[in-house]
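Undergrad: Sequence:
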Amino acid sequence: MKPFARNIFLAAILFMVACKSEDKPERPNILLLMSDNQSWNHVGVYGDDVVKTPNIDKIATEGVRFTNAYCNSPSCTPARAAMLTGQDIWRIEEGANLWGVLPTQFPIFTDILEKAGYRVGFDGKGWGPGSYEANGRTRNPGGDKYANFADFIKNRKKGEPWSYWFNSLHPHRPYVVGSGEKAGIDLDKITVPKYLPDTKDVRIDIADYYAAIQNFDDEVGTIMQQLKETGELDNTIVIVVADNGWQMPRGLANLYDFGTRVPLIISWPKNFKTNAVTNELMTLADFAPTFLSIANAEIPKQMTGVNILPIVQKDAPKHEERDFVVLARERHAFVRQQGLGYPGRAIRTKDFLYIKNYEASRWPAGDPPLYGDVDPYMLNYPGPAKFYILKHKNEPAVKPMYDLAFAKRPAEELFDVANDPDQLHNIANDPKFAKVKKDLSDKMVAYLKKTNDPRETGGKIIWDSTDYFSEIDKTPKPSKEAIKEFGLDTMYNYLK
19 MKPFARNIFL AAILFMVACK SEDKPERPNI LLLMSDNQSW NHVGVYGDDV
69 VKTPNIDKIA TEGVRFTNAY CNSPSCTPAR AAMLTGQDIW RIEEGANLWG
119 VLPTQFPIFT DILEKAGYRV GFDGKGWGPG SYEANGRTRN PGGDKYANFA
169 DFIKNRKKGE PWSYWFNSLH PHRPYVVGSG EKAGIDLDKI TVPKYLPDTK
219 DVRIDIADYY AAIQNFDDEV GTIMQQLKET GELDNTIVIV VADNGWQMPR
269 GLANLYDFGT RVPLIISWPK NFKTNAVTNE LMTLADFAPT FLSIANAEIP
319 KQMTGVNILP IVQKDAPKHE ERDFVVLARE RHAFVRQQGL GYPGRAIRTK
369 DFLYIKNYEA SRWPAGDPPL YGDVDPYMLN YPGPAKFYIL KHKNEPAVKP
419 MYDLAFAKRP AEELFDVAND PDQLHNIAND PKFAKVKKDL SDKMVAYLKK
469 TNDPRETGGK IIWDSTDYFS EIDKTPKPSK EAIKEFGLDT MYNYLK
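Following my numbering, the numbering of the sequence shown begins with 19 at its first residue and continues without gaps.
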């Protein structure tokens, strides 16, 4: 071949390679930073002036902050299962329960990412609590387990895209009582929600929770510094989120906002909006199709989550916003006779919350006197807010809050969230809201039927009888010292 012709040929080859390279979309890393049991509004950038979260706040300035993000179930195991599978919990069989299994027939985004060439790792809880071994899995659905993010980064191959899920222990209970004050949190500046008594005990409990959130923020700061040192920060999508709401009466395990609404910040300044806020509705199940889309991997058709890239991308074309999301609860803990759960479904719009309790004759927070569905779990460690309510439940100022948290509930609940943010007043039987209730109920039932929820289709109900892989929880042995300390004499006499 003559020199001139050879040069033309080489130039053509280089041009084709360059075009192929340009046609291949970038595959960024994915860093998921998850707190354990944190409500959406307890972050500095979400308007809380007491808790200090400078590292999370900084990520928010570099990304998109969601004000209407929800877990699919207010319970650790199903919330994490929904996120991994991209499906509503009633579609994943035993995966809908705490301390269960995640059936292998449901694809999870971690496995799919790995097959697409990503290194996939996690630390801490990952999926759980539960038994992945009992279902024939060889590893936690979160991926390969590492001691920490630094070890994961050290073991990655050069140029290999990765996905890492950091699972903080914070702000999950137990707390050291008084740790909040010791951390410098001013009790007098705390805003106590109206479904809790405004007492020193409760303020101490909230302060201890805040201190744990600040510990999570410190962890976020450490990991972000480690990421920066790798030189891969610019090509990494960072997500800060919680798995479900806080461990307070009417919080964790409940379909009210305090159990389901979570903080969510997504940052990738190179491609996503920065210092942006959106009130669009989304759930954790949306992560799976979104992550797979980012990785150019095939999205399984059975996923009910929605790709949220159009919400966060710069200059994204207009898209249709959701009108509602549907959330669910099955068995959160082994706290009722025969291991029964407290099944419910909820539809959340931007203005209203409608809840259907399928077994309203059961105790929503577990059978008395333990009410073990609301942590402190089985009363094994201190929980001043819960203990105060139980101790003073017959006092006029406290009884309404006791009833809200622990008493039996009607089959239907409706809240005008815009005017009743603490969701204190059930207006399900108010004639003025009859049309709103019917519309929400109809939409929710239609969605449940469309997505094959046996609670509405008449299918087999399995969740009251599936295995619960924590034998200790089935035989509650509360700490007598803790019960004595908080003056629960009646309960103590009952248990001894």
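There's no promise every hint is true.
Unchecked claim - Listed below are the simulated DSSO-like cross-link pairs for lysine-lysine, each with C-alpha atoms no more than 27 Å apart in a straight line: (1) Lys332 - Lys246; (2) Lys207 - Lys409; (3) Lys200 - Lys246; (4) Lys175 - Lys332; (5) Lys218 - Lys200.
To be verified - Label pairs and their computed distance ranges (CB to CB): (6) His337 - Ser488: 14 to 24 Å; (7) Gly239 - Pro414: 39 to 49 Å; (8) Gly476 - Asp236: 47 to 57 Å; (9) Ala436 - Ser488: 35 to 45 Å; (10) Asp369 - Glu199: 36 to 46 Å; (11) Lys133 - Lys411: 45 to 55 Å.
No wet-lab data here; the hints were simulated from the structure. Even glycine gets a Cβ: it sits at the ideal position worked out from N, Cα and C.
Undergrad: All hints are to be evaluated individually against the structure, with a verdict given for each.
TA: We went through each hint and held it up to the structure:
1. Note on lysine 332 and lysine 246: the hinted pairing holds, with a Cα-Cα distance of about 23 Å set against a maximum of 27 Å.
2. In summary, the hint linking lysine 207 to lysine 409 is supported, as the alpha carbons are separated by about 25 Å, within the 27 Å threshold.
3. Our distance criterion of 27 Å between C-alpha atoms is broken by lysine 200 and lysine 246, whose separation comes to about 31 Å.
4. With a C-alpha separation of about 30 Å, the suggested pairing of lysine 175 with lysine 332 is violated against the 27 Å cut-off.
5. This hinted pair checks out: lysine 218 and lysine 200 have alpha carbons roughly 15 Å apart, not beyond 27 Å.
6. The hint said 14 to 24 Å for the Cβ distance between histidine 337 and serine 488, and at roughly 42 Å that hint is violated.
7. Between glycine 239 and proline 414, the C-beta spacing of about 46 Å keeps the proposed range 39 to 49 Å intact.
8. Range check, glycine 476 to aspartate 236: about 50 Å between beta-carbon atoms, so the 47 to 57 Å window is met.
9. Range check, alanine 436 to serine 488: about 39 Å between beta-carbon atoms, so the 35 to 45 Å window is met.
10. Our hint of 36 to 46 Å for aspartate 369 and glutamate 199 holds, since their Cβ atoms are close to 38 Å apart.
11. Against the hinted window of 45 to 55 Å, the Cβ-Cβ separation of lysine 133 and lysine 411 comes to about 54 Å, which satisfies the hint.
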